[in-house]
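Trainee: In case you want the letters, here they are:
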Amino acid sequence: MTNHWNDLQHTDCAMIIGANPAENHPISFKWLLKAKGKGGKIISVDPRYTRTSQQADIYGSLRSGSDIAFMGGLINYMLEKELYHKEYVIAYTNASFIVDEKYSFEDGLFNSYDEAKRSYDKTSWAFKKDEEGKILKDLTLEDPRCVFQLMKKHYSRYDVETVIGVTGTDKKTYLEIAKTFGATGKPGKSGTILYAMGATQHTVGTQNVRIYAMLQLLLGNVGMPGGGVNALRGESNVQGSTDFGLLYHNVNGYMEVPTASPEEATYKGFLEKNTPKSGYWRNKPKFYTSMLKAYYGNNATAQNEFGYQYMPKLTPKKDYSHMRLFDAMYAGELEGLLMFGTNPVVGGPNAGKEKEALSKLKWMVAVDLWETETSAFWQEGAGSKPADIQTEVFFLPACASFEKEGSITNSGRWMQYRWQAIQPKGESKADLEIIHLLALRLKELYQNSTKPADTPIKAMSWDYGHGNHPDIDLVCREINGYDMNTKKQISLFANLKDDGSTCSGNWIYCGFYTEEGNLSKRRDHTDEGMGNFLNWSWAWPANRRILGNRASCNPSGQPWSKDKTVVYWDAAKRLWVGNDVADFPKDRAPDIEGGTDAFFMLPTGKGGLFAGVNEGPFPEHYEPYENPVSNVFSNIQLNPAVKYGLEEMNAKGEAKDFPIVATTYRISEHWQSGAMTRNQPWLSELASHMFIEMSEELAKEKGIKNKDKVIVTSARGKVEAYALVTKRFKPHKLKEKTVHQIGMPWHFGYKGIVTGETANRLTPHIGDANTTIPEYKAFLCDVRRA
Amino acid sequence: MAAEYLKFVDVTKCDGCRACMVACKNWNDLPPEYEEFQGSIQSHEQLTAHTWNVLTFNEQETTNGGFEWLFRHQSCLHCVQAGCEKACPEDAISHTKFGSVVVDADKCVGCGYCVQGCQFNVISLATYKDKRGKEYRKAQKCTLCTDRLEQGLQPACVTACHTDCLIYDEREAVLSEANSRLLQVKDRFPNANIYNPQGIKGTTTVYLLADKPSVYGLPENPKVALSQVVWKDYAQPIGKAMLGVTTMAVIGAVISNSIAKVKNGDKGVDHHE
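Just so you know, the sequences run in chain order W and R. The working numbering puts the first residue of the first sequence at 1, with every later residue one more than the last. The working numbering puts the first residue of the second sequence at 1001, with every later residue one more than the last.
Wrong hints could be hidden among the right ones.
[Said to hold, decoys possible] Cβ pair distances, simulated, as ranges:
| id | chain 1 | residue 1 | chain 2 | residue 2 | range |
| --- | --- | --- | --- | --- | --- |
| 1 | R | F1067 | W | R784 | 49 to 57 Å |
| 2 | W | T301 | R | L1153 | 53 to 61 Å |
| 3 | W | G426 | R | N1221 | 56 to 64 Å |
| 4 | W | S401 | R | E1036 | 51 to 59 Å |
| 5 | W | P659 | R | A1105 | 54 to 62 Å |
| 6 | R | F1067 | W | P659 | 24 to 32 Å |
| 7 | W | G341 | R | L1153 | 50 to 58 Å |
| 8 | W | K709 | R | N1221 | 53 to 61 Å |
| 9 | R | E1036 | W | Y750 | 15 to 23 Å |
No lab work stands behind these hints, which were simulated from the structure alone. Note that the coordinates shown come from a computational prediction; the quantities given were computed from them, not determined experimentally. For glycine and all other residues, C-beta sits at the position ideal for the given N, C-alpha and C.
Assemble the whole structure, with the sequences as input and the hints as a guide.
Mentor: Structure, rendered in structure tokens:
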């Protein structure tokens, strides 16, 4: 989240799209209802009417996979009606930048597309510069080649009639949504967009989020209390895991994993390639070197490139994401798998095939609270023949959050420490302890090796106390970082060095554990104003609660609204002050150069209305991998930058065989693959049956009655479930034809107290062009009575 | 006697999360009951001896062509004039100082008259086995967490509620909050009303309903039958003194049947259910 949970209470309008927080993030409604009590509006946009929709002032329906059309139409509306925040747009975004002549867009494709590689040359989407290398601008926003005009032209194609013909939204409702959310463009007003996996789990997931950000920049909502672009994370600590290098191409703090390319052969080359020339990221060498010092300690020296050569290197251009790992597993290229709390036999895309892939492994280790569908994939209950499966499976019992101590980082980036409440049951252990024991054993195995390939594990520093139980306080101190000589804790990432004199396991967390102690343990209820609670736990970066909060002030540094004051420029003190920590150099005056570069992390300091991700600088509507209609915006059906994986893993269904759009979701009562909740009796009784939700109209067409058993089929599998016939699903009346949609929870499997068939046996094995998150949220199926 | 504190359920603030149901089972250590698929996301058809609160889900098309999905936290209303209490031949059901209606398990003989006496389908009998395997029954229902109230805590369901749909507070504060909430929601819910039926001298759980009581399966104007009042407050004390307990139980059965008729008659009104 750019903002945080409590901050939702300050919004004038919350647009909830691709999320169902009443069901999946219920605590958000504590704050959203406070906003509503003060006259704030809630808009729910979803293919079906949810528990969130019931709490909303306006509910708008859309067909799964048509978000960009929906949002593009809103951008067009804001521009046409001039509802955007003009002063903000000029000062804080790249709207005025002149775009290089190479940029063009025609029939769904931007310039520089390479059809064979299914990719673009992103450097061809650049800004025009003068002889000194400065970007050319037109602050009147009238130059036809400025970002603003190009954007306007791009989205002029997204007129209301065209948009609702694609999304199926009722016209009156669509206009009401546009008008209501558009009202937040007024200076001093703020609107927030809340999204979750309903936005991201598409072949255009990244662009879905990009277009939310664009709308928010246009309306001047980024940086405002009650504003922002807010990802509701799907697990209590998924924010923390991502911060700590969960993704294959990231190390801690969102820095790059080195690749085995010639330019990255040396640490110097790696840093040169990956360090921007301007913006705050130009400090990357300080953060990276400090991280290498945390990894390798005294074995990282200036002479050995701070241990850079110990780092594993990725094969350039190779995709190591979840689906590609399972492709490789299916093809027999992987020997072993370590799984910590993950259950792909229920949660993976095309789960039936992913289960097959597991049987190609030599060994698999599952670390979990219960024996899950995945750790038991070889059993008869899973439909397997144990005698045919050679995979050796190890199960390590893990303990639950109450049985261990440590921190979690919530969606609002608050790092909150938790203490152990009870002793672990049986032989179960904390993840940290399991990893600690594994590392100690590995180091022991390799300690006498003289092979060069074994040096990394020998060089790795692992000083977390004596014995089998790691001292978590030492881990915390290292994450923050300390001076290698004095061993004093570093107070903030700005003090990290690139000469090897400091270490820091994760630069964005540098500042949480200072000489004052572990600040994530703080529990001070004092509200300094606006519910930011600066002495309650600690938020990254630098305890800032609202990202981009410089933009909550006008260019001269005063809040757009007195009621929405978080930080402001104190001319007497010559400092940014307020009830939040300014997300800006604290002494940079508004009137000096860079004083209005509100997004100072970025090389240009300006919010990117025009910003290149893999499929282009402006989000464009493409249809999902499987869809029942043709793309009315262009002749390009599927996102042109999406990559195909192993064909055997991803059978494709056609609309003639599978005419119904389907989506998956979660419900309040279960969590993820259900491994935790379907083993909990009081949650299991609340939702004990796998069901498919469908409209009364579809049910009538198919001769299905409520509570009937039905069979849903896709090109990849079939699932039997109960029919839940409801008024909350309506057919989508599109321009081309009327399309039915169904939806189902993906929580069920064959283990646990309550069981049911697994929705993900139906879902496709294809994903977003940037993140490769699978397209769980829009695919085709058919349904009939069982 | 009117309670000093009331539980308030503002159904318009409910987001249907059902944390109240889990909190109830947790505090009262009640076993799970896995029911058949209900054809909606509702988990249990109705309250039972082991499920003291159920969130109901009701899909309603409105007269103006709109749609509402109505949720209700359903549990004991703790009537001031409680049908269950009146029906009990053993004086096992009584009001506490908090206004909560509770069953004394030591006195309850499991006769089930209270089940007939309740107009809200709240109370029912749980079956247990003693050490010798012999079955016996006890009436069970929500206690308003009287054991928590005695410790100065709020009811478990109220503590779990994150939207202030459930509030437990001083009587006047609750009633005034209910009235101001009613005004706020009238635009969207023209039939909204405060449910605190005076025919039974009010309840210790007061509702702000988004639609008519009958839409939620609640009697529009519940009353305790005169026969029930006469039975409990006059006949029973005298009868027990004169005829002995066994004979009174037989007479009780006759009276109870007549109450059951009254109740079923009421049910005929609830055609929306």
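Trainee: Next, verify each hint and record whether it holds.
Mentor: Structure-based check of each hint:
1. R/F1067 <-> W/R784: 49 to 57 Å: 27 Å, violated
2. W/T301 <-> R/L1153: 53 to 61 Å: 60 Å, holds
3. W/G426 <-> R/N1221: 56 to 64 Å: Taking Cβ atoms as reference, W/G426 and R/N1221 lie about 57 Å apart, which means the hint holds.
4. W/S401 <-> R/E1036: 51 to 59 Å: Violated - the Cβ-Cβ distance for W/S401 and R/E1036, about 33 Å, lies outside 51 to 59 Å.
5. W/P659 <-> R/A1105: 54 to 62 Å: 58 Å, holds
6. R/F1067 <-> W/P659: 24 to 32 Å: Taking Cβ atoms as reference, R/F1067 and W/P659 lie about 25 Å apart, which means the hint holds.
7. W/G341 <-> R/L1153: 50 to 58 Å: At 34 Å between Cβs, range violated.
8. W/K709 <-> R/N1221: 53 to 61 Å: Check failed, 42 Å falls outside 53 to 61 Å.
9. R/E1036 <-> W/Y750: 15 to 23 Å: 20 Å, holds
Checked against the numbered hints given earlier, this structure breaks hints 1, 4, 7, 8; the rest are met.
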